[in-house]
Amino acid sequence: MRQAENLLRRADGWVFAHEDGRRLAAIRIGICALLALRLAIADYGGTVRHATAFQPHFYMDVFEQMPSLEVATILQICGIVASLAAMVGLALRVSVPLAVVCSLILDGMVNSVGRVIVGDALLMLCMLVLLASGAAAGEAWSIRGRVHRAPKPAIVPRSASIGARYGWPIRTAMIACALAYFFAGVQKWRYSGLPWVTSDNLRWILDSQAHPDGLAQFIADRPLLAHVFAGGALLLETTFPLVLFVPRLRWLFIPGLIAMHVGIRVALGLDYSAQWLTVLIVFVNWPVIVARLRRTVSPAPAPREVHG
Amino acid sequence: MSAAAPRYARPFVAVFLAALVVCALVPLNFWPFSNWELFSRLRRDEQTGWAAVAVDRTGRERVYPATSLPHGYRGFAAVLAGFSERSAAVRDAICADWLYDATERFGTGTRLVRIYRLEWELFDRHGNREAPRHRTMEWVCSTKGASETG
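Listed in order, the protein sequences are those of chains Y and H. Note that this note's numbering gives residue 292 to position 292 of the first sequence, counting from 1, and the numbers run on in steps of one. Note that this note's numbering gives residue 339 to position 31 of the second sequence, counting from 1, and the numbers run on in steps of one.
Source of the hints: derived by calculation from the structure; they are not laboratory data. There may be inaccurate statements among the hints.
[Said to hold, decoys possible] To be clear about the criterion: a stretch of chain H counts as covered by chain Y if any three or more of its residues have a C-beta under 8 Å from a C-beta of chain Y, and this derived list gives those stretches:
#, region
1, 311-317
2, 339-351
3, 396-408
4, 447-457
The beta carbon of each residue, even a glycine, is placed where N, CA and C say it ideally should be.
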């Protein structure tokens with residue numbers, strides 16, 4: 001009992017650790033920019049055109065039929081504008097919920113005319129965390145202060161404050177990313193076990209594409225290579241939560257993850273860019289990178305030699 | 309401003325993470341709380357799929373590219389997987405949609421859209437040459453609606 005309590009206390013301490021407000025702001029900027037981009041490039045008109053195939057998925061039950069093209073266009077425009085406003089830190093109490101609602105309905109429309117799309121789920125989960133973080137996400141790297149209190153720039157902290165109010169959304173988003181990959185691995189163990197690696201499974205996945213490309217055929221025609229890739233993918237997914245506790249492993253796991261998704265894009269034509277970009281945005285310590293860039297661009301003047 | 313987490317943060321984190329775990333373990337697909345099952349089941353050599361063919365007045369068949377539909381083949385296959393369980397009115401409406409699409413693509417001479425079920429074995433692929441598909445006609449879409457042939 002005491003051990004469980006101890007474990008829970010340690011977990012609570014990890015999730016509610018103190019973090020830099022600028023790091024949460026960087027996640028806000030990255031996630032909202034990515035959402036705006038996804039909303040801008042998606043073809044919701046095509047979804048609406050096949051409204052007869054509408055089979056409401058989950059919360060889309062509130063709609064009796066597929067929303068019209070006009071509604072979809074309004075949602076798309078509102079979603080993009082709200083995401084961009086949230087990205088720059090404007091009116092977060094309105095912009096983040098509006099962006100979430102618009103994209104939930106638009107993604108719900110897509111999910112209701114075919115197989116449910118997994119690729120955007122992690123991005124949306126992080127948006128939900130951002131929504132829950134409230135005003136904390138807008139306390140650094142935001143133009144909000146400049147608009148309201150110009151010309152005083154003091155409201156925008158240069159060296160942002162540190163606290164648990166910034167830490168828990170960052171850590172929760174990290175856990176969501178880690179669990180997404182962990183469960184993708186767990187489900188493979190659960191439904192297929194080791195044969196997911198040792199059988200011809202990956203060869204058939206690659207071969208079963210309507211038009212397998214050169215890379216897909218290259219791997220499919222080399223059973224040993226197919227086993228190595230399958231084993232690597234399963235190992236990466238199953239052990240991904242280690243990045244939460246061993247930050248150095250992020251240098252290995254996150255590039256590995258990106259390589260895996262780029263390989264899937266090339267070989268299978270499946271786009272998981274929203275997922276791996278979300279992981280990149282959440283795990284990279286952007287304030288440190290910005291500080292390094294600043295130092296590189298304008299290095300501090302060397303102390304002058306004193307003659308005397 | 310306090311640096312502490314707001315009071316609602318702990319309940320939110322608990323519910324959020326519990327939803328993630330429960331949806332994966334049950335499994336439930338309450339998007340965006342996914343079950344993360346994609347590609348988790350073993351693939352076999354035997355493959356099945358669907359193909360659509362537009363037919364004009366002369367009986368000439370033209371491949372109706374399902375991948376050009378919204379969401380590509382993913383949507384087409386998913387719709388056809390449960391097609392026979394849908395009501396006749398819904399099937400007719402979907403068929404009318406496909407026929408309209410085919411007419412837009414191939415011209416007003418388009419009379420029918422035939423839906424074939426495909427079966428093939430991946431072992432039969434030779435280099436870049438695809439394995440031969442065995443096809444069975446399952447549905448015909450005409451101006452009268454959807455009719456089952458399989």
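To see whether the hints hold, each was checked on the structure:
no.	hint	in the structure
1	311-317	holds (count 6)
2	339-351	holds (count 13)
3	396-408	holds (count 5)
4	447-457	violated (count 0)
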